[in-house]
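Trainee: From first to last, the protein sequence lines stand for chains G and R.
Sequential numbering of the first sequence, starting at 1, is according to the UniProt record's numbering.
Sequential numbering of the second sequence, starting at 1, is according to the UniProt record's numbering.
Since the hints were derived computationally from the structure, they do not count as laboratory data.
Backbone N, C-alpha and C define an ideal beta-carbon position, used for all residues, glycine too.
Where hints are given, some of them may not hold.
[Unchecked claim] Partial list, computed: chain G residues near chain R (C-beta under 8 Å): (1) A44; (2) P47; (3) G226; (4) V303; (5) R306; (6) T308.
[As the list claims (entries may be wrong)] Per the computed footprint, the stretches of chain G lying under chain R, defined by three or more beta-carbons under 8 Å from a beta-carbon of chain R, are: (7) 5–18; (8) 128–134.
There are 2 protein chains.
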Amino acid sequence: MINIKTGRVAMTHGSGGRATAELIRSIFAKHFSNEWLDQRHDGAVLPPITNPVAVSCDAHVVKPLFFPGGDIGRLAVAGTVNDVSVCGAKPLWLAASFILEEGLPFEVLDRVCASMAATAKEAGVAIVTGDTKVVDRGLADGLYISTAGIGEKITSRTIAGTEAKPGDVVIVTGTMGDHGTAILSEREGMSFGTTIESDAAPLNAVVAAVLEAAPDTHVLRDPTRGGLATTLNEIATESNTGILLDEALIPVKPEVKAACEFLGLDPLYVANEGKLIVICPEAQAEAALAAIRTSPYGRDAAVVGRVTEENAGFVEMTTLMGGRRGVDWLTGEQLPRIC
Amino acid sequence: MINIKTGRVAMTHGSGGRATAELIRSIFAKHFSNEWLDQRHDGAVLPPITNPVAVSCDAHVVKPLFFPGGDIGRLAVAGTVNDVSVCGAKPLWLAASFILEEGLPFEVLDRVCASMAATAKEAGVAIVTGDTKVVDRGLADGLYISTAGIGEKITSRTIAGTEAKPGDVVIVTGTMGDHGTAILSEREGMSFGTTIESDAAPLNAVVAAVLEAAPDTHVLRDPTRGGLATTLNEIATESNTGILLDEALIPVKPEVKAACEFLGLDPLYVANEGKLIVICPEAQAEAALAAIRTSPYGRDAAVVGRVTEENAGFVEMTTLMGGRRGVDWLTGEQLPRIC
């Protein structure tokens, strides 16, 4: 049997034999147990989905595995929950593949799985199937997790970057740049007066509230890698509209601003893992904002700009100094391995 | 732009910015294009699934990336197609997450994606969404691929290890041990007169044919890691029946037998990636066999044993010498990183 406190992952735990079965029983089944996972087949058999289906997937290679405000497990579940949600869907089920490095303490895997289970519970989704592989020492920085999510549409509208319309309002659900700055500060061992926490969080409840309050919402996106700036550039390209931001309205925590200045980063390009961009008609903006603010993850929500007809395909920003400048896509690497 | 012939993956291709977009356009979109992937959202929106849903996922870390009979791309698609199929389902869509090593030649990724696309086309499934991360040089051995598959049930029966019944017949759809032996021979640089080829193949058409010809089929499984012996032990445990194999009836290629003898392996514990175990009532066994043999992947199909009431929870085998011996689960690591 596996001793979680003192044991470590060995190559044999990836062999598919008795040791793999013990690992599944001792850690995965303990944390994730549900009627579908417990079928213990090569896959899970689940009820029909009578609405259109939304599917998304992510690989997670964040370094370090644990950081203020979260860990790779919370990130993996929340990231995929959010990617499914922004299709205008309710996430139902997750599949999780683990790539474990030989020598990984079971205690680390156990904590990561506990965090995944807690985040899945918070989001109301079930982890219904999984897989485990083991690679040689030195080949995976502890562990990587790939998640896939399946959900059902909760609106008959197409919610996509293509749908942004001139006159629409651009809302963000909170402060920008928290996640990437938290990871980098932790990695570099820097402190900026106060610990910067990742915002990693499942946003499916926020999405459901927005779609209820602002049913004509056109676009939902989570500005992860590449940050707000890159995601808005994608939307401007896809919808062939312009987007004009107002720098004064973009919420950024003072400690994140300080850290970014020190690290030479721009918070608009730094990843978020618990924030949404909502683009909706101006007439529904107040209702959307009110709905977002009822969530603990949406208290700092703000209108930060609008969609324009001119400057189609590009993002611009009215700066604090009163000028206007272009806001380009992220180029270069800026922040490797933040998710 | 990306030069596929001479370029290599850099950390910036995982940043989520312009370089990531170029990588997606130049390689992933080129090979995988379909109406859903081309939505280019964080997830794909797909039609409803009115039958019960089957979901499976796998991480693939095979070493080397290319081997006789296949490569990590064919393996990733076929493996997940097969895991969905053995739920008694028709696979519809795949999601694929890539973890790329800094420095990986684009040409390698391009070949892997071409192979994935060809295998997906053969299986009639679409790769509808994906994700790419890049990790530092020295991690990930080139690349890892995680796939998730979604399908719909094509039978109202429960197809699972729990369903095996005394009197049922155990069929394998072809020779045992080809995949694992091919990988290990390639890795060790050994030749056994003839090149041993992996059997990696999508088996959804075989599953559909079996369920049509033998509608009362109780169990479908693909004996991958751990091989025939371990998979049958799982089924014996799950169904609380005994399984009695006849060694003389188990098809093994002579070159695989020779390689296994040389390497100290038992073909019954070596992974297959293009074979099924079919357990069905004796009355439908001939029909199942005939259906399987119409497939190029099923020409060597054979009845290899039967399900018994006695010896519940265990697998036994009548040996070539006429004796009987227990066939245990795989213990130890035997073959690391074969899939």
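Trainee: Are the hints correct? Go through all of them and say.
Mentor: Against the structure, the hints:
1. A44: holds, 5 Å
2. P47: holds, 6 Å
3. G226: With Cβ-Cβ at 4 Å, under 8 Å, it holds.
4. V303: Violated, because the Cβ-Cβ distance from G/V303 to chain R comes to roughly 22 Å (cut-off 8 Å).
5. R306: violated, 22 Å
6. T308: violated, 22 Å
7. 5–18: holds (count 8)
8. 128–134: With 7 residues close enough to chain R, the hint holds.
Hints 4, 5 and 6, counting from the list given before, are not met by this structure.
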